[in-house]
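Each residue of the sequence shown is one higher than the one before, starting from 2 at the first, in the working numbering.
In case anyone wonders, no lab produced these hints; they're calculated from the structure. Mixed in with the good hints, there may be bad ones.
Stated by the list, open to error - Simulated restraints, written as ranges between beta carbons of each label pair: (1) S123 with L303: 42 to 50 Å; (2) R290 with A234: 23 to 31 Å; (3) I298 with V80: 40 to 48 Å; (4) D213 with F38: 41 to 49 Å; (5) V80 with L138: 39 to 47 Å; (6) S136 with H86: 21 to 29 Å.
To be verified - Listed below are the simulated SDA-like cross-link pairs for lysine to any residue, each with C-alpha atoms no more than 25 Å apart in a straight line: (7) K199 with T259; (8) K210 with A301; (9) K211 with I78; (10) K127 with I264; (11) K127 with N65; (12) K210 with I85; (13) K218 with W71; (14) K199 with I302.
Computed from a predicted model, the values in this text were never measured in an experiment. The beta-carbon is built from N, C-alpha and C at its ideal position, and this holds for glycine as well.
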Amino acid sequence: MTDVAKLLSKLSNPVPPYVLGCLPAIATIGAAPKDAFIDKLLWVVQCLACPFLGLFYTCNVRSNETAIYWLPSRCFIGVDGSEIHHRPFGHRAMMVIKPGAYSEKPGANSSLLTDISNTNASALRKVEECIANASVLERLSSLASAYYIMLGAIIAISKVVRPHTCDDWPYLPLALAWTLPAIYRRTVHGRLIVRDPKKSLGDDKIIVKKFDDDDDKEHMHIRVVLTALASIAVPWISVLLAYFTPPKGFFCRSRYLTTFCTIWSFNSIVAYIHHWVEERNKIFDRIVRIWFSISGIGVAILLLVLAVLSNDASWWKTIPSFRDHRII
């Protein structure tokens, strides 16, 4: 009973502010226009398991297309009336014909394109109604996460360049540094999807076409590849800083951080492959979603344990790999 009492006493200690400050970052990267709470929670868990999911939406979807992103492929149609078997984003990105985009452009097809753009106006208007501006509180909470993430990075770097005894684990905000692009987008653009655009659109279709300029398409390919590389590599910065923090070496801190950084990198690779396959293989899509949900729960538990380790130094100072190599 004494051990249980000590455990409860330790758990009742105040949670470090940088732990609470990271919660809005997780909520921001996992924001989705789902109706059911369990669906919202599952998407947060999946984004927590795979950085590429949230970063792809943040870095490769234009601000005026935030609601369109959540539509399935069946909601899109080509200019010639052909079916679109994939969502028009990323490597398969296509242009959404905006209302009035061709009203002043002469040419053989100008009349046809003008009619198409006007037809798109109603559908796009319905989708735009699902967007709202983020409140001041929502933007400030995201800024708080950014503050603690950057503060954690500064503290971790200072521990590397200035030898001293390590008394805490400021690695939780640093491990979530890959959420910064989503925080920036929420703070600066402040656009939220408050309703499911699939329900608002109904039976209407959004008309898309191939890019007029090949350079635009090439830039989109490059951005997707860079997003994938960042999703795979950026989490490992926390492992490197933990490795070079005294006691220098691949000990308990580095090993622990390596565990979920490995999960993040592997899942980002799987998500990138899934982006190529997408809706063409329903079985693969279900398997990937289930795996992301399971591994996301595992990552959440690992992050919770890391928060507990950060809260009380006595929990991890007795670990042999730390005790045997600590700075005197």
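Here's how the hints hold up against the structure:
1. Roughly 47 Å separates the CB atoms of S123 and L303, a value that falls within the hinted 42 to 50 Å.
2. Distance hint check for R290 and A234: the Cβ-Cβ separation is about 24 Å, which falls inside the suggested range of 23 to 31 Å.
3. About 43 Å separates the C-beta atoms of I298 and V80, a value consistent with the hinted range of 40 to 48 Å.
4. Distance hint check: the CB atoms of D213 and F38 are about 42 Å apart, consistent with the given range 41 to 49 Å.
5. The supplied range of 39 to 47 Å is met by V80 and L138, whose beta-carbon atoms lie about 43 Å from each other.
6. In this structure the hint that S136 and H86 lie 21 to 29 Å apart at CB is violated, the actual value being about 38 Å.
7. A threshold of 25 Å between alpha carbons decides the hint, and for K199 with T259 the separation of about 39 Å lies outside it, so the pair is violated.
8. Between K210 and A301, the direct Cα distance comes to roughly 40 Å. Violation of the 25 Å bound is thereby established for this hinted pair.
9. Using a Cα cut-off of 25 Å, the hinted pair K211 and I78 holds, with the two alpha carbons roughly 12 Å apart.
10. With a C-alpha separation of about 38 Å, the suggested pairing of K127 with I264 is violated against the 25 Å cut-off.
11. Between the alpha carbons of K127 and N65 the distance comes to roughly 13 Å, so the proposed pair stays at or under 25 Å and holds.
12. For the suggested pair K210 and I85, the alpha carbons sit about 10 Å apart, so the restraint of at most 25 Å is met.
13. As the CA atoms of K218 and W71 are separated by approximately 21 Å, the hinted pair is consistent with the 25 Å bound.
14. A distance of roughly 33 Å separates the Cα atoms of K199 and I302; the hinted pair therefore is violated under the 25 Å criterion.
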